[in-house]
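Undergrad: Going down the list, the protein sequences come from chains A and B. Be aware that the first sequence starts at 1, since it is given in the working numbering, and climbs by one per residue. Be aware that the second sequence starts at 1, since it is given in the working numbering, and climbs by one per residue.
Heads up, some of the hints might be wrong.
Just the calculated beta-carbon pair ranges, DEER-fashion [what the hints assert, rightly or not]: (1) B:Val263 x A:Ala287: 50 to 58 Å; (2) A:His60 x B:Arg60: 52 to 60 Å; (3) A:Lys125 x B:Lys198: 53 to 61 Å; (4) A:Arg293 x B:Gln111: 48 to 56 Å; (5) A:Arg293 x B:Asp64: 54 to 62 Å; (6) B:Leu216 x A:Arg293: 39 to 47 Å; (7) A:His60 x B:Ala196: 52 to 60 Å.
Example chain A residues on the side facing chain B (calculated, C-beta under 10 Å, incomplete) [as the list claims (entries may be wrong)]: (8) Glu32; (9) Val78; (10) Ala97.
Simulated pairs of lysine to any residue, SDA-like, Cα-Cα distance not exceeding 20 Å [what the hints assert, rightly or not]: (11) B:Lys242 x A:Lys204; (12) A:Lys199 x A:Leu124; (13) A:Lys204 x A:Asn236; (14) B:Lys241 x A:Glu32; (15) A:Lys58 x A:Ile360; (16) B:Lys239 x A:Leu84; (17) B:Lys242 x A:Arg395; (18) B:Lys241 x A:Glu252; (19) A:Lys226 x A:Gln35; (20) B:Lys241 x A:Glu82; (21) A:Lys334 x A:Leu124; (22) A:Lys65 x B:Lys241.
Think of the hints as simulated: they come from the structure by calculation, not from any bench. Think of the CB as a built atom: it goes at the ideal place given N, C-alpha and C, for glycine as much as any other residue.
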Amino acid sequence: MTFYLLLLCRFSLGMVVGHGVRCLSQLAELPELHQMMRQTCRDYAQKELAPIAAQLDKDHRFPAKQVQELGAMGVMAVEVPESLGGAGMDYLAYCLAVEELSRGCASTGVIVSVNNSLYLGPILKFGTEEQKKQWITPFTTGEKVGCFALSEPGNGSDAGAASTLAQREGDEWVLNGTKAWITNCWDASATVVFATTDKSLKHKGISAFLVPMPHPGLSLGKKEDKLGIRASSTANIILEDCRIPLGNMLGERGMGFKIAMQTLDSGRLGIAAQALGIAQAALDCAADYAHKRTAFGAPIGKLQAIQFKLADMALATESARLLTWRAAMLRDAKKPFTKEAAMAKLAASEAATFVSHQAIQVLGGMGYVTDMPAERHYRDARITEIYEGTSEIQRLVIANNILKEYQQ
Amino acid sequence: MHRSSEVKHLASDFNTRACECFGQPPVQPFESHCPVLTDRTVRVQLKVLKVKDGSVFFIRVKPDRTGVVTDGVKHSMNPFCEIAVEEAVKLKEKKLVKEVVAVSCGPQQVQETIRTALAMGADRGIHVEVSGKDYETLGPLQVSKIFAALAKKEQADLIILGKQAIDDDCNQTGQMTAALLDWPQGTFASEVTLEADKLKVVREIDGGLETIKINLPAVVTADLRLNTPRYATLPNIMKAKKKKITNVKPADLGVDVSSRLEVLKVDEPPQRQSGVKVETVHDLVEKLKEAGRI
Numbered sequence: 001m002t003f004y005l006l007l008l009c010r011f012s013l014g015m016v017v018g019h020g021v022r023c024l025s026q027l028a029e030l031p032e033l034h035q036m037m038r039q040t041c042r043d044y045a046q047k048e049l050a051p052i053a054a055q056l057d058k059d060h061r062f063p064a065k066q067v068q069e070l071g072a073m074g075v076m077a078v079e080v081p082e083s084l085g086g087a088g089m090d091y092l093a094y095c096l097a098v099e100e101l102s103r104g105c106a107s108t109g110v111i112v113s114v115n116n117s118l119y120l121g122p123i124l125k126f127g128t129e130e131q132k133k134q135w136i137t138p139f140t141t142g143e144k145v146g147c148f149a150l151s152e153p154g155n156g157s158d159a160g161a162a163s164t165l166a167q168r169e170g171d172e173w174v175l176n177g178t179k180a181w182i183t184n185c186w187d188a189s190a191t192v193v194f195a196t197t198d199k200s201l202k203h204k205g206i207s208a209f210l211v212p213m214p215h216p217g218l219s220l221g222k223k224e225d226k227l228g229i230r231a232s233s234t235a236n237i238i239l240e241d242c243r244i245p246l247g248n249m250l251g252e253r254g255m256g257f258k259i260a261m262q263t264l265d266s267g268r269l270g271i272a273a274q275a276l277g278i279a280q281a282a283l284d285c286a287a288d289y290a291h292k293r294t295a296f297g298a299p300i301g302k303l304q305a306i307q308f309k310l311a312d313m314a315l316a317t318e319s320a321r322l323l324t325w326r327a328a329m330l331r332d333a334k335k336p337f338t339k340e341a342a343m344a345k346l347a348a349s350e351a352a353t354f355v356s357h358q359a360i361q362v363l364g365g366m367g368y369v370t371d372m373p374a375e376r377h378y379r380d381a382r383i384t385e386i387y388e389g390t391s392e393i394q395r396l397v398i399a400n401n402i403l404k405e406y407q408q
Numbered sequence: 001m002h003r004s005s006e007v008k009h010l011a012s013d014f015n016t017r018a019c020e021c022f023g024q025p026p027v028q029p030f031e032s033h034c035p036v037l038t039d040r041t042v043r044v045q046l047k048v049l050k051v052k053d054g055s056v057f058f059i060r061v062k063p064d065r066t067g068v069v070t071d072g073v074k075h076s077m078n079p080f081c082e083i084a085v086e087e088a089v090k091l092k093e094k095k096l097v098k099e100v101v102a103v104s105c106g107p108q109q110v111q112e113t114i115r116t117a118l119a120m121g122a123d124r125g126i127h128v129e130v131s132g133k134d135y136e137t138l139g140p141l142q143v144s145k146i147f148a149a150l151a152k153k154e155q156a157d158l159i160i161l162g163k164q165a166i167d168d169d170c171n172q173t174g175q176m177t178a179a180l181l182d183w184p185q186g187t188f189a190s191e192v193t194l195e196a197d198k199l200k201v202v203r204e205i206d207g208g209l210e211t212i213k214i215n216l217p218a219v220v221t222a223d224l225r226l227n228t229p230r231y232a233t234l235p236n237i238m239k240a241k242k243k244k245i246t247n248v249k250p251a252d253l254g255v256d257v258s259s260r261l262e263v264l265k266v267d268e269p270p271q272r273q274s275g276v277k278v279e280t281v282h283d284l285v286e287k288l289k290e291a292g293r294i
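Just chain A, same shape as in the assembly (with noise of 0.2 Å):
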């Protein structure tokens, strides 16, 4: 743990900038283009996953027709420059994308954040023009999408401590160990995995890879039986002397604990941007019952019990998604954005949570039920505090970034 903290004093880049007027009034009201993206994913959404959502999420069945289709729109591939087959907006736009998307079904937000952030994000990031080529394109249209192989049964959060080894033989790479939790692994073309050259070196031995799937060597584990998001498969990967040619390796040797750092700083906006997707169609479940609910002769919305839990979860939500608006803001203006990003998820994550757990006790018995969509937005959820960093972890960041301000 203590090893995690000294790296990010590292990455974490002192004191944040003030930013201009244009983000600030930005915060206030959305430049027209990004409302208009807004707008075409909430359409999207409402018409075409908010109605299947419940059913994918009961057959843990893959999107992969509406995976197809946002990769049309562009969707699958936001930050992406046009020459290579993605839409080329920026990051604010790729959060209210995820956002909207979540709002109609929560595994379909993953689906699509976990290729843009995770799989896409360090390729374009540390990745060579060939790689580029290679690795991103065929994955910008949503017929193939990858995923990213960090965590281990034996190490989560610690994730200085990788086992998976990568030998070098001759013109190869032959990689050895098992990745846990891996998010589109059912459904995957590619993976970026972690694996350590040199033990000894611990953080610094590690190195990121660049995997085609399915490939001789790789296998998956079974399919996790998970509480929510089930329409995205999670599975462990088993690397059996999975051999790939030496350049594979993305980015340069040793560098793949500060790849995967970083990759996981802009990562976990995309976290934040899901879970107030989940957050929000959990409020408009809520709002619309108290509408519609009569007790004790009225619409329960007039109760000031109801009222004043619609009114905290909004309150929740909105804040999150302002500190997710701003990080997004910060990473687009390339100013440092680690504390904002780790604020943002935290928020978002514990505000998902708590409104889908108040959404239910304002539906009451009908909030447990599969009939409304309540229990479902309680199960996605929940998921959003644990995964691209732990609430504990963001926590540690936060305060990391503000010793790091104080310290004279």
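Got chain A sorted already, so can you dock chain B onto it with the hints?
TA: Chain B only, in chain A's frame:
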């Protein structure tokens, strides 16, 4: 990719459903019309409706009974106009038309609607500024005069509009425009095919489907089953930002937008009265005779 036809729910049965559920149909012709020209021009009409999308329709008659309340009611592109834009863009993708121009008449807000059309694939937009009192009384006759003037100015070959606006259900603008221009018209189109210099239009009529062949230039109005409008892709939304929207005033086109109609009053439909149950057919006949119905 294309949307599934949720449009069905919004479009043809909107007014009936609104009456059934909330008893208050939107009466005022509160629309902004948006013809799209191309050159080989296809003109597609886009309209702004007062439809709150997705949720409950809280349409209320104004206290002075001159119309319905529009403040705070979300407006969006008329579903039939979306279908019209989609058809125009499809023609352009087949390389049968050179340019698609989206036109809308109304206040500043209609620029959003024009941008949506641009994001779907139109090449440029024209915003005919009509606001305030003029906008409240803007109806099919004035709009078709504007369209006719623009069609001549832009040298359009084809005008495509939605068949009607879902707020006033007038179903007049397309027909009036064709009459003013003395152009042939293919209304309620469910299929449009360009064959050399002629347009083959399959029309949905009460008796079934009618196929006609008309010369260009022509006016076509889009019906529900013509196509399924696409979702704008992110790259197209970005490109839409760079596309041009020119502002024009009706006076510039020599059109007088004052209305020939005066709205006397707007009322909610009367509350539904409860019926009377009878035991036998004989009783039913007696009751009907009593009420003077037979």
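Undergrad: Now, for every hint given, state plainly whether the structure supports it.
TA: Status of the hints after comparison with the structure:
About 36 Å separates the C-beta atoms of Val263 of chain B and Ala287 of chain A, a value inconsistent with the hinted range of 50 to 58 Å. A C-beta distance of roughly 46 Å is found between His60 of chain A and Arg60 of chain B, which places it outside the suggested range of 52 to 60 Å. In this structure the supplied range 53 to 61 Å holds for Lys125 of chain A paired with Lys198 of chain B, their Cβ-Cβ distance being about 56 Å. Our hint of 48 to 56 Å for Arg293 of chain A and Gln111 of chain B is violated, since their Cβ atoms are close to 40 Å apart.
Checking the proposed 54 to 62 Å range against Arg293 of chain A and Asp64 of chain B shows it is violated: the Cβ atoms sit about 35 Å from each other. At roughly 58 Å, the beta carbons of Leu216 of chain B and Arg293 of chain A sit outside the given window of 39 to 47 Å. A hinted range of 52 to 60 Å holds for the C-beta pair His60 of chain A and Ala196 of chain B, which are about 54 Å apart. Here the hint on Glu32 of chain A is kept, as its CB sits about 7 Å from the closest CB of chain B, short of 10 Å.
The criterion of a C-beta within 10 Å of any C-beta in chain B is met by Val78 of chain A, whose closest approach is roughly 7 Å, and the hint holds. Given hint, Ala97 of chain A at the interface with chain B, holds; its Cβ is 8 Å from that chain's nearest Cβ, closer than 10 Å. The straight-line distance between the Cα atoms of Lys242 of chain B and Lys204 of chain A is roughly 46 Å, outside the 20 Å bound, and the hint therefore fails. This hinted pair does not check out: Lys199 of chain A and Leu124 of chain A have alpha carbons roughly 27 Å apart, beyond 20 Å.
Between the alpha carbons of Lys204 of chain A and Asn236 of chain A the distance comes to roughly 24 Å, so the proposed pair goes past 20 Å and is violated. About 9 Å separates the Cα atoms of Lys241 of chain B and Glu32 of chain A, which keeps this hinted pair within 20 Å; it holds. With a C-alpha separation of about 19 Å, the suggested pairing of Lys58 of chain A with Ile360 of chain A holds against the 20 Å cut-off. Distance restraint check for Lys239 of chain B and Leu84 of chain A: the Cα-Cα separation of roughly 17 Å lies within the 20 Å cut-off, and the hinted pair is therefore satisfied.
For the given pair, Lys242 of chain B sits about 43 Å from Arg395 of chain A by alpha-carbon distance, which is inconsistent with the 20 Å threshold. Straight-line distance between C-alpha atoms of Lys241 of chain B and Glu252 of chain A comes to about 39 Å, which puts the hinted pair past the 20 Å bound. For the given pair, Lys226 of chain A sits about 34 Å from Gln35 of chain A by alpha-carbon distance, which is inconsistent with the 20 Å threshold. Distance check on the hinted pair: Lys241 of chain B and Glu82 of chain A sit about 16 Å apart at the alpha-carbon level, within 20 Å; holds.
The suggested pairing of Lys334 of chain A with Leu124 of chain A holds, with an alpha-carbon distance near 15 Å, which does not exceed 20 Å. Restraint check for Lys65 of chain A and Lys241 of chain B: not satisfied, since their Cα atoms lie roughly 29 Å apart, outside the 20 Å limit.
The structure is inconsistent with the numbered hints 1, 2, 4, 5, 6, 11, 12, 13, 17, 18, 19, 22, although it conforms to all the rest.
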